[in-house]
Each structure stands twice: as C-alpha cells, then as structure tokens.
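Line by line, the protein sequences give chains V and X. 313 is the number of the first residue of the first sequence in the numbering used here; add one for each residue after it. 313 is the number of the first residue of the second sequence in the numbering used here; add one for each residue after it.
Keep in mind the hints are simulated off the structure, nothing from the lab. Do not rely on the hints blindly, as some may be mistaken.
No copy labels: a pair is met if it fits in one copy or bridges any two.
Below 25 Å or equal to it, Euclidean Cα-Cα: the simulated DMTMM-like pairs (lysine to aspartate or glutamate) are [unchecked claim]:
id, residue 1, residue 2
1, Lys378, Asp484
2, Lys454, Asp343
3, Lys390, Glu356
4, Lys501, Asp400
5, Lys501, Glu344
6, Lys430, Asp400
7, Lys433, Glu356
Number of protein chains: 2
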Amino acid sequence: MPQFPIEKRSKVSRNPNRASYDRETIYNIVDEALYCHVGFIEGESPYVIPTLHTRITSNIILHGAKDSRLMKCLQLGKEVCIAITILDGLVLARSACYHSVNYRSVVLFGRGVAINEKGEKLEALKALTEHIVRGRWKDIRKPSQQELDATAVVSIPIEAASAKIRTGPPIDALEDLDLPIWAGVIPLKLQAFEPEADPQLGAGIPVPDYVSSMRK
Amino acid sequence: MPQFPIEKRSKVSRNPNRASYDRETIYNIVDEALYCHVGFIEGESPYVIPTLHTRITSNIILHGAKDSRLMKCLQLGKEVCIAITILDGLVLARSACYHSVNYRSVVLFGRGVAINEKGEKLEALKALTEHIVRGRWKDIRKPSQQELDATAVVSIPIEAASAKIRTGPPIDALEDLDLPIWAGVIPLKLQAFEPEADPQLGAGIPVPDYVSSMRK
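Build out the structure end to end from the sequences listed, making use of the hints.
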C-alpha cells in the first residue's frame, strides 16, 4: 500500500523520527482504538467531540443523531481533523524535562460524505458494532427503518494522515545517567473486566464467548 | 463552587440528562484523565492534537516545545477547545441501535496565556509531573534554565465547560427485553502493569512506592 501524502497539515514537525505516513501503521492504530476525537469548526470556534469510529478500507465511518452538532457538520462535508490516541505507558526519566509517555497516535484529515443507501448504511453500522465487540452483529436485533432514518452515518475518505509513535525506555541526558533516581516505564493498557449482566436479563441466557474472551 | 456558565458553544443538546456544568464534576474528570485532545484552528483548517495536561484551580496547564504548531497557537491566545474522555465500559444492548459506551467526558473552551515567570513556570511543570505520577517531583532533577527557556508553558483559564456522563446498564426498547440475547456492560479501565526499569538503571536503585503502588 502506498503511504499517505505528506501535506503541510499532516506533516509531523516535532520529533519527525517518531512519525509515519505508512498506511498499515496508521490503520493498525485506527483499528485498535475504540474511539476517536473529531475536531471541526463552527462559526469561528474550534470544537472537539469524542465519538466511536470504525474503518472501511480508506474511510473512517462515524454515526450519530442527525441533528447533533457534529453530524450536521459532517453531513455538510466540512473539513474535519480526527485524532486517535492509544496510551501505552508512562516514561519516568531522571530529570523533569525528559519525562514522557509511550503512545501510538494518528491525526488525519478529511470531509464527510453521508451514507444514505440502506444496504451501505447497514454495512457501516455493522462495522461500527463489530469494531467495538467482534462477533456481536450476528446476535442482535438489526436496525428498523425508523431507527435507520433517525441515524446519520458518514464516511470520511482519509485525505491525509500521519502516525506518531513513541516506544521504549526514557532517554536521559548523558550527564544525568549516574543520578541515583529510579527511571523506567510504567506500561498502561485498557483492560476489560468481568461483564455485568443487565439486571433485566432473562434467566438462562449465557455470556457469549466474544464477551467473556475480552477479559484477559 | 458555582457551576460553569452554559454558553451556546458548551451546551449539551443531545441527551441533556447526561450533561453537567458542575465544577466539581468537571474537575474530577479533568484530574483523573492522563491526557487531553486540544482542538484549534490554523488557516482555515481544524486541528486536534493529543497532549498531557494538568489543572491549577480553574486553569488547564499545557506545555510543549516553543515552536510546535499547538504551542504557537496557544501562545497567540487563540481560542481552543479541549476534550477529555474516560471510557468506562462497553454497553451491549439487545438491539444494534441501543449499543453504547459508558464514559465520562469534558469539553471546555478557553484561550492560552503564556507562563513566563520562572517560579510560576516551575510550579506548572511540577503540577504536570505530579498529575501523571504523584510523588515524582521531589525525586527528580529539576529543569535547568536552558530547559525552561526551550519549553513553552501555557495556562488556559476555563471560560466554559460541560461534562457528559453515561453510566449503568443498556436501555433497550421495551419490546426488545424478551429477546433471548445477552445484554450488559463490559467494564473497562486503564490499568498499570509491572514497571520496566530503564536498561541503563544503576544497581541498587529501588522502585519508588509511588510507582509500585500504581499497579492494583
């Protein structure tokens, strides 16, 4: 896969050694993250809204109520910036200014295109559901026509994107290495815990494998 | 504490029952989250950048390299929107459209003011460090004058802010409650794992209590 074009808006200028424009690298981060932050402009103000996402080929898929601020902006095709961030660890150096975090992040740019065709809309909602819990779609009641009509679904073809990744131990200045200060990384991970059944759940309905297997 | 003013830009219109403008509610979310996403406008494009933050009274504190895109914008005092999101769980309903997530999020607006006075700048950097690892500041080498000069630190007085919170089990339509489909919540939490010492760490330097206690 060819890498994304390096545009002024997507070029990483700070720590360019941590940057990547490689599609596979970017898609892996997009696919692992459960949610994203969408930035857009309304009037003369910037807005940032968290929302769930998924990816179909080179398009980001978002959904929401038709009359929400975010979905209105997306349906109008205005430029948006989407940031996706996975925090992997806290990096404790010997000196204050070399403290950091390990992370994998993506910043991408594009414009929304409304998905109105029923089959395509269902495919997009399926992808959104499966992105959060793989295996779920086959089990659930599918959207009714009325539910489909109330939901806006947009596709955002990625125009430009960059990833930024930091891994590994702290990087202290040479003259600080002998200081008697603990240094290292505290790994972080978003963990799933014991599922909590809906209090209204009927008797004898087992926890599906795709739910119980999320707890590692 | 009086609540934040409800302005057009900060008013939650979707699911207003999940909204709060209460300062304590908002500060608790800001203080628990390790990082935020900052939205700003450059040229005619929206940008969103993830970064570490802390809070001092009613101000958000950010820092970074002086010549980064984000810090340049903040030092110019342009309006920014900061989103802070904590994902607490996946909410699996019986029907596709009632799937959701449990979360606590804040969206706030303000403008940066550069912190240039040395004592104030050190206090802000201390707060940023302690926000990530409480107890760390006393142990580490403090910033040199040269390091201070290379780092921009800005305070963003919060002008308007709202929180949005979802908790609890799925809310299915009444007619779906009898479907033989598992429904419930998968709790999620960002967990700390076994600390990894810097390979260059000198012998006999113990892991500090504030590091080992992060693993629960």
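Inset, instruction - Quick one: which hint numbers does this structure break? Sort them smallest to largest. - result: 6 and 7
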